[in-house]
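Please take these sequences and the hints and turn them into a complete structure.
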Amino acid sequence: MAQLNATASAAWAVVDGKLHKAFRFRDFVQAFGFMTQAALVAERMNHHPEWFNVYHTVRVDLVTHDANGITERDFALATAMNEIESVSQ
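Taking the numbering used here, the leading residue of the sequence shown gets 19, the next gets one more, and so forth.
One or more hints might be untrue.
Said to hold, decoys possible - Simulated restraints, written as ranges between beta carbons of each label pair: (1) N71 / R91: 33 to 43 Å; (2) T97 / R42: 33 to 43 Å; (3) A28 / T54: 19 to 29 Å; (4) D45 / T89: 25 to 35 Å; (5) V105 / H66: 16 to 26 Å; (6) V47 / A85: 30 to 40 Å; (7) A29 / G87: 11 to 21 Å.
The set of hints was computed from the structure by calculation and includes no laboratory data.
These numbers were taken from a predicted model, which means no experiment stands behind them.
Glycine is no exception: its CB is placed at the ideal position from the N, C-alpha and C atoms.
Take a look at the structure:
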């Protein structure tokens, strides 16, 4: 978890058995652009987030339902989302 949070603007945390993070952007267009890029990565990984967007905030929960918990797939997608965020800012 420390490695995942090392370069992130906000930390991932475990909330209710899921990796959770709230991403904040300059405006809605930037937030939606992040979601679009993250959706393409998630589709390639065949691992889809639970997420919610209001204006400039995107709240994300990651869990592997088949495993009934957090797995390496969740950490991989979280890392990819951090990378997308870093180039979106």
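Now for the hints, and whether the structure bears them out:
With their beta carbons about 22 Å apart, N71 and R91 fall outside the hinted range of 33 to 43 Å. Between T97 and R42 the Cβ separation comes to about 19 Å, which falls outside the hinted range of 33 to 43 Å. Against the hinted window of 19 to 29 Å, the Cβ-Cβ separation of A28 and T54 comes to about 20 Å, which satisfies the hint. Against the hinted window of 25 to 35 Å, the Cβ-Cβ separation of D45 and T89 comes to about 33 Å, which satisfies the hint.
Taking 16 to 26 Å as the suggested C-beta distance range, the pair V105 and H66 conforms, at roughly 21 Å. At roughly 35 Å, the beta carbons of V47 and A85 sit within the given window of 30 to 40 Å. For the pair A29 and G87, the beta carbons lie near 20 Å from each other, so the given range of 11 to 21 Å is met.
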